[in-house]
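For chain A, the structure is supplied; the task is to place chains B and C on it using the hints.
Protein chains in written order, with the working numbering: chain A, 21 to 513; chain B, 149 to 588; chain C, 45 to 312.
None of these hints come from the bench; they were simulated from the model.
Be a bit skeptical, because a hint or two may be false.
Footprint (simulated), chain A over chain C, 3 or more residues, beta carbon under 8 Å [stated by the list, open to error]:
| # | region |
| --- | --- |
| 1 | 113-123 |
| 2 | 163-172 |
| 3 | 211-224 |
Listed below are the simulated DSSO-like cross-link pairs for lysine-lysine, each with C-alpha atoms no more than 27 Å apart in a straight line [stated by the list, open to error]:
| # | chain 1 | residue 1 | chain 2 | residue 2 |
| --- | --- | --- | --- | --- |
| 4 | C | 199 | C | 159 |
| 5 | B | 239 | A | 149 |
| 6 | C | 68 | C | 293 |
| 7 | A | 411 | C | 159 |
| 8 | B | 401 | A | 507 |
| 9 | C | 153 | A | 411 |
| 10 | A | 126 | A | 149 |
| 11 | B | 346 | B | 313 |
| 12 | B | 239 | A | 126 |
| 13 | B | 401 | A | 207 |
| 14 | C | 153 | A | 507 |
| 15 | B | 233 | A | 149 |
| 16 | B | 296 | B | 239 |
| 17 | A | 411 | C | 68 |
| 18 | B | 296 | B | 257 |
| 19 | A | 507 | C | 159 |
The beta-carbon is built from N, C-alpha and C at its ideal position, and this holds for glycine as well.
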Amino acid sequence: MSTTLLIGILLAIAAVAYTLGRMRANAVAGGKSSALHSRPNYYGAYVALAAFLPPLIVVAAWLAISPFIVNSSVRDTFPDEVKAQSPAQQSLAFGMVATIARGLPKLTEEELRAIQQDPSTLQAVFATKGVAVAAEARPYMLESAATLNGMTRTSRLALAAVAIGLSLAGAFFSLRSVAPRFRARNKVERVILWALLLASSIAILTTIGIVASMATEALHFFTMVPAHEFFFGTVWDPRFAGAGATSSGQFGLIPLLAGTLYIGFVAMLVAVPVGLFAAIYMAEYATPRMRSLAKPLLEVLAGIPTIVYGFFALVTVGPFLRDLSAQLNGLATGNYANFIQAQSVITAGIVMGIMLIPYVSSLSDDIITAVPRALRDGSLGLGATRSETIKRVILPAALPGIVGALLMTASRAIGETMIVVLAAGVAARMQINPFEPMTTVTVKIVNQLTGDLEFTSPQTLVAFALGITLFCITLALNIYALYIVRKYREQYE
Amino acid sequence: MTDIVSQASGKVVSAAPPRRDIGIRRRYAAERRFRFYGLAAIAFGLVFLFILLWTVVSKGYTAFLQTEITLPITFSEQLIDPGNKRESDPKVLQTANYPLLVRDALAEKLGIASSDRPALRQVSGLFSDSARVTLRDMVVSDPSIIGKTVPVTVLASANIDSAFKGQFDLTVDEGSRKVSDQQLGWVNTLAEEGVLSKGFNTGLFVNGNSSRPEAAGLGVALVGSLYLMGIVLVLSLPIGVAASIYLEEFAPKNRLTDLIEVNINNLAAVPSIVYGLLGLAVFINFAGLPRSAPLVGGLVLTLMTLPTIIIATRAALRAVPPSIRSAALGLGASRMQTIFHHVLPLAMPGILTGTIIGLAHALGETAPLLLIGMVAFVANVPATPLDPSTALPVQIYMWANEAERAFVERTSGAIIVLLAFLIIMNLGAILLRRRFERRW
Amino acid sequence: MTEAATEEALEKKMNTVPLKMVGKDVSVYYGDKRALYDVNLNVRENTVTALIGPSGCGKSTFLRTLNRMNDTIDGCRVTGLITLDGGDIYDPAIDVVELRARVGMVFQKPNPFPKSIYENVSYGPRIHGLARTKAELDQVVEQSLQRAGLWNEVKDRLHESGTGLSGGQQQRLCIARAVAVSPEVILMDEPCSALDPIATAKVEELIHELRANFTIVIVTHSMQQAARVSQRTAMFHLGNLVEENDTDKMFTNPDDQRTQDYIMGRFG
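Next comes chain A alone, as it looks inside the complex (with noise of 0.2 Å):
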């Protein structure tokens, strides 16, 4: 029985339930509704509930648990030679036998006997199926592949046997403590609110799944790569993954970080300016009508896909800065030598700085329009013009607001992937020169675990090492900034 029918199954109970629920209240209300502490759906609803979720609990547990039962004891049918070998040939074979065993139904009668006497057709017979089985069968395997197939249906069939039995046994308990001075809504409310509390923790879920995960993989990877040489490294050369590959490569870091903070600086110089000067002029200068035209467009810019920025950066800015470059060495020098690159720390830098434009400028905006008007009009009062007011008096107040706003920005320049991957290049070199192209943390990560993984081998596992440094440091940028910006909002609430 698969568990999309167990599951079909039990709900079906549940809506039985319901209705058998409501019946009841309405029954032992003798009609008058009035009579009832709560509304008969709720008394429906908590025979429902008690039908339904204690199984879907003891399905979730058996089917996360069970596997490993099963797998134990699979193990444990195999010959003593092949318990003898190391944990990853057994889980190899243990994943053939798996295989085998998705494959044994497939089969007819003949097919079977055929294969139980020549297990070496097995493979051939198999392919016609559309089962690949990786290598030769092994005689045990069958065996094992069907004690696997045996105990799978017979820990189907007892989980749902179990499953509706608990569902029954719960509908009729509840059915039986309907009354009238049950207090049906409030349990129901109670259920009600624990989902809610487990909707909300899944934030926090994430967030440790998140860490944990990376952690894992990131310590494993330093089990193979000292840290130091992670950390303090400056020369990345990971070289292949591949079977065999004796010398594991070099897995600096710094580079990767220059090339990242590099390109946000680039960045930065682009959107800062603009941005904080655009938020200054909408939010003291302009009209409410321009303001109610320009601010959406600018904000246009912010809900272009990365990916769109990238192509632009690869197909447009790119080829513009190398051509430009060539005419200007042209003009100066008489060489049409480009000395601007395609792909470079500028061209990614410019593009990104456009993208972050508006972030800086919605974010100030917010920031310089909460500065109290009174300090406005006692600056005003005073004769102060307006770009006096904003210099000497709005953005020294606003300045740890935007300070925040910048440094918020910042995490999202250096997290950026998609404009890096297509403008920045891949080469992980050290140098100052903005013509030149450079790469980042997060166009490695993406180089790394695209293709073939293997977790295993460091040149995977690097990703996830990478993946926490980034991820520490955009929480650092973030906490602190939050930090700030809540310091500011308090000191003009």
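Chains B and C in isolation, oriented as in the chain A frame:
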């Protein structure tokens, strides 16, 4: 702003001379400069927005048209199945050299002798290699077609397509461009006879990926993105709303809820690529879900979108005035009833607006999908969310990395499709906000 | 001397004081809403003029027209004529910045800039370029703080934040800030409404002293305060100027029935 009735007083009206020098002229010059910087900053942003959109549209609008060649093709048995073995060996029909059929039909049309080998090679360059699949599918589905002459539409090759759309600079020396003068002559002849024509490019929306730009389409990507959006919507809306209700209406003010609060704000700022790593480690490596599957992508994007939805929903709940809650509570409704009967419906427009914006964000997200392997060459439309698939932005990424010129056009076309979806979603959000905006 | 004769003498004496600012048929609109109806009011030099009336009567609105602070509110329109020393302050040739340097303002709530005390006071002289050297600036700051009666309290912590002062001190800092620009007129918009009685007394005392050097227009909610600090009082009601008179007369024998009612506390 002012409206002076200067006649009102007889005795006055000459501006008094400035009393002292407070540098008015200099200060106003600075004021004007400052203002100009502000305007220039806004103009800078808008100009770039315009250039960006213009680049994409000017490069991409031609992708919606496709040059096609329609002509009668003789399904010669001699070429397809010379030994007449198709009954015994189905592979014969699969592997026959179908492009030759098209070549011969075109050569006949253009009056080229079958002995003129160089010319024939040039003719082969006129139509797409995808003709092989087109014809094969026709023959395999109906072998009785062999020996007959049927009108068939095949795609023109990418270079001919570009040339026909006028995208090649024909002043360049013939040797250094991809279309020869002879081919151009044929194209003109064929176009005059109506054999070669431009039509709406349905293939762009239907086909899967292909290494031939003219046959590559967004079909798989669109279905993949549809699955992703469906999963994100189904999961993130209920979970997000439930979490927000708890945090906004029930959560006691304590350390734990403070932690959740800070957490959500931080999750909203975590780089999207980190979610990709999470998905790879947890859903694929730990839980064993298949790589490249929209289900995994949907789960990852759900986790990424949740903070946005929670923040928007909480703001919407907070905007419902306390008087509504008091009114319902005063009538004897429980807190749960108050929220589900009164507060939630009133907050719904705000919640939906936030959800749409979150979805739009998720639709354009690329980086996490790269890590969970949705960047795969997928030619067949996925039937379930567990089959390998790509997504719209990932397809753009893949095409952007292709070297061929014709892919630039496809990429831009795909971006236009993506932006069109985003515009529709955002307009929907704006309309929703306008329609149901409430001022308390 | 008869009572009538005293009054006449008083009037004559008052009439000899030159007019600093004159408002003629001043009306103010916020969008379509009219907030002030043809107000005619004279402000005499080195006099404290109090504007009183129930809340929402337009007294603050009128005050803000005197240095064009209403310009900063979107959709606000002023008609009529307002002169400063005979010059129309709404004349396009007149510059707001220059006007506000001559007509300073102190607001209802103390609004020191979140900077040091010194920077608060030196802000005006600095932007207007009134002090050429640091020594001159120091002198202006000290003088202004002394005039505002704050010097002795803050001279040792001039470089601490102005927001750290008590409410009353903050308000006197704002007055010092206004004084530092050496305006001719100082407008005060309910300067004591956010202060406790002791701080209020100090500010009132200060206003009294400032009168020697400045023309002061003060909006106040409290009639006692108007009686204590002003020589002339104008009573506003529903956007109209009801009565303008010597303060003594206003509080003993007003001409208008509505003034009498207000002073007697019939509405407010």
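How the hints compare with the structure:
1. 113-123: Per the Cβ count (3), the hint holds.
2. 163-172: Coverage by chain A holds for the region 163-172 of chain C (4 residues, Cβ < 8 Å).
3. 211-224: holds (count 3)
4. C/199 / C/159: Holds, at roughly 16 Å.
5. B/239 / A/149: 19 Å, holds
6. C/68 / C/293: 23 Å, holds
7. A/411 / C/159: Roughly 13 Å separates the two Cα atoms, so the pair holds.
8. B/401 / A/507: 19 Å, holds
9. C/153 / A/411: 23 Å, holds
10. A/126 / A/149: 7 Å, holds
11. B/346 / B/313: Holds: residue 346 of chain B and residue 313 of chain B sit about 9 Å apart, inside 27 Å.
12. B/239 / A/126: Holds: residue 239 of chain B and residue 126 of chain A sit about 25 Å apart, inside 27 Å.
13. B/401 / A/207: Status holds; Cα separation ~23 Å.
14. C/153 / A/507: With Cα atoms ~22 Å apart, residue 153 of chain C and residue 507 of chain A stay inside 27 Å; holds.
15. B/233 / A/149: 26 Å, holds
16. B/296 / B/239: Since the Cα atoms of residue 296 of chain B and residue 239 of chain B sit roughly 21 Å apart, the hinted pair holds (cutoff 27 Å).
17. A/411 / C/68: 37 Å, violated
18. B/296 / B/257: Since the Cα atoms of residue 296 of chain B and residue 257 of chain B sit roughly 17 Å apart, the hinted pair holds (cutoff 27 Å).
19. A/507 / C/159: 17 Å, holds
In this structure, only the earlier hint numbered 17 is contradicted, and the remaining ones agree with it.
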